[in-house]
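Engineer: Chain by chain, the residues run as shown.
Number of protein chains: 2
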Amino acid sequence: MQNNSDNPVYTIGVDLGGTTTSFAIVDSLGNIIEKGLIPTRTDYVEQWADNLCAGIKNIIECSDIGDNIKGIGIGAPCANAYTGYIEAATDLPWKSPIPLASMIESRLGYRTVITNDANAAAIGEMAYGSAIGLKNFIVLTLGTGVGSGIVCDGHLLSGTRGFAGELGHMTFSFASDRECACGRKGCLQTVASAKGILETTRRFLQESDQPSSLRDIPPHELSPLAVQQAAVAGDKIAQDIYDFTGRCLGKAAAEFASITDPEAIILFGGVSKAGDLLLKPMKEAFSQSVLHLYRDTVKLSLSGLCDADAAILGAASLPYLD
Amino acid sequence: MQNNSDNPVYTIGVDLGGTTTSFAIVDSLGNIIEKGLIPTRTDYVEQWADNLCAGIKNIIECSDIGDNIKGIGIGAPCANAYTGYIEAATDLPWKSPIPLASMIESRLGYRTVITNDANAAAIGEMAYGSAIGLKNFIVLTLGTGVGSGIVCDGHLLSGTRGFAGELGHMTFSFASDRECACGRKGCLQTVASAKGILETTRRFLQESDQPSSLRDIPPHELSPLAVQQAAVAGDKIAQDIYDFTGRCLGKAAAEFASITDPEAIILFGGVSKAGDLLLKPMKEAFSQSVLHLYRDTVKLSLSGLCDADAAILGAASLPYLD
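So the protein lines, in turn, are chains A and B. The opening position of the first sequence corresponds to residue 1 in the working numbering, with each subsequent residue numbered one higher. The opening position of the second sequence corresponds to residue 323 in the working numbering, with each subsequent residue numbered one higher.
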């Protein structure tokens, strides 16, 4: 991402989330120069686009970067890099399809490229994070759902219509009794997402009569973070929940290794903040499950991107790709 | 693969199989000009290489192609395109690793590239078969084992060490009680290979007391072809065996669709000769299992390459890739 000319080059990275939209000016080394935030929830998508563009103009004016802007990159759920549209996003307040790229491009005049949030994460890891210099890796984004970005032989896989890398919807026997929002059973995201961890918590508390601090938390206040904190404080059931989740991720990662012979599989997103609580059982299960060809060649690791800025940095690196 | 210059260009394709090695001169349109065959079984690999090179020289002399040879492509089990070596091939009579590419190049003076047999099949389908014009497809090779070649965004996936695409070793619950040669349980190839079909036959005959013509065949004479012929003749158990195998392939293909958003998944190799016996239940199970995103977008089909020449044609197209 380094810039060889005398004039520094900047991009705008936008992370369109279900609740808030974050955006920033980012330099070619991945430093955030100026940042902004708007709520995502508006009645009409045009209103949101107006707000975003006003916000971007504002941070450009507040900085002294002049007009050295290479383009805008947006990471968004169900964003299709080929068409520039958001397609069938269930987590956004507006009706799909949405011509996201052209809506922003026509308002600001900067070339705008979009991709789904998991692909943005993979590109961000490659540009500034745990995957610098790697040509073969998989990023698993563990958030509300589970997404993935697959880089193989130096290319981010897109597929026929831009829908490559839906590894969160690969099915596994460890989740065969869990229903997914997609209408099928057994998807990885029914276990390894935030929602999956809450479901595991509900089941583990119900199936055991062991004491647990988790029993004192009202159900609507339970979160993966609360379970994580309980585990760190020594709560056995909370530890078992992360152990189970990590082991499931390890078994899944063992299968994924057979697809692209990766150097690394990287965990990204809110649920991955549990760190070693998740990574240790994941590594154990991976070694036990994986085909011998890949046993000692795949590094399992956590995102190398700073928590809050990860998605923005991934999006900001999009304009450099073409 | 078409050649724009006035001089026609040819390549040599070599298919190194466990029993015999076939080779041919192939023109840029995929026509076989001249063909040869030697036994693979020799005490030393050098002896085999000498025989192969003598055979290749012989067919060059018998044809009138002059010296317009662009290179040699070899498809072989466990061949690594990056290193030019055969690594840990259990089906060959010689000790691995074998510096295959350099052994042939040094003897004949033509640039020699190698790849594993499943990748050769994928390249062959793209060059001359069912995948002409496709940029996203998966070839599943159903033979002694199950291999795969994955083409995504126009690239054949290689991975860190050339071991991408081991989809025959992805594990599934439908095979959870079957042991694979790799030491794990549940690999797709324990069901969808020739060996897998024989194991299914053994189980189905044991578990049922229905009459079946398969009971009259001595176990060592049973083959996927014999089961196929019995199914075509109306044998219910033989039909059930292919129905089961096809349904397993459909469930597996549904998972594979989530990886690369392919336009097609193509069956190649001996077991796929069962045609609709396999393809019909495969399509049904695929539609029932696949994520809605891919439901009507993936064509499941049989290899478009002529049976005996498929592997040679795939190998012959390798020299055009770089």
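Note that these hints are calculated values from the structure, not bench results. Keep in mind the model is a prediction, meaning the values are calculated, not measured. Heads up, a few of these hints could be off.
The calculated SDA-like cross-link candidates involving lysine to any residue, where the alpha carbons are at most 25 Å apart (straight line), are [what the hints assert, rightly or not]: (1) A:Lys283 / A:Gly270; (2) A:Lys283 / B:Arg506; (3) B:Lys621 / A:Lys135; (4) A:Lys135 / B:Gln532; (5) B:Lys417 / B:Arg525; (6) B:Lys507 / A:Asp235; (7) A:Lys185 / B:Gly431; (8) B:Lys507 / A:Arg161; (9) A:Lys95 / B:His614; (10) B:Lys621 / A:Glu199; (11) A:Lys135 / B:Lys602; (12) B:Lys507 / B:His477; (13) B:Lys507 / A:Ser130; (14) B:Lys457 / A:Arg161; (15) B:Lys457 / B:Asp349.
Cβ pair distances, simulated, as ranges [to be verified]: (16) B:His614 / A:Arg295: 47 to 55 Å; (17) B:Thr619 / A:Pro211: 45 to 53 Å; (18) A:Thr19 / B:Leu643: 46 to 54 Å; (19) B:Leu643 / A:Ser173: 48 to 56 Å; (20) B:Asn329 / A:Ser63: 53 to 61 Å; (21) A:Ser287 / B:Gly556: 42 to 50 Å; (22) B:Gly626 / A:Arg203: 44 to 52 Å; (23) A:Lys236 / B:His614: 33 to 41 Å; (24) B:His614 / A:Ala233: 55 to 63 Å; (25) A:Ala88 / B:Ser495: 24 to 32 Å; (26) A:Gly183 / B:Ser428: 56 to 64 Å; (27) B:Leu643 / A:Lys95: 28 to 36 Å; (28) B:His614 / A:Ser63: 42 to 50 Å.
The beta carbon of each residue, even a glycine, is placed where N, CA and C say it ideally should be.
Engineer: Tell me, in ascending order, the numbers of any earlier hints that this structure violates.
Structural biologist: As far as the earlier hints go, 3, 4, 5, 6, 7, 8, 10, 11, 12, 13, 16, 19, 24 and 27 are violated by this structure, in ascending order.
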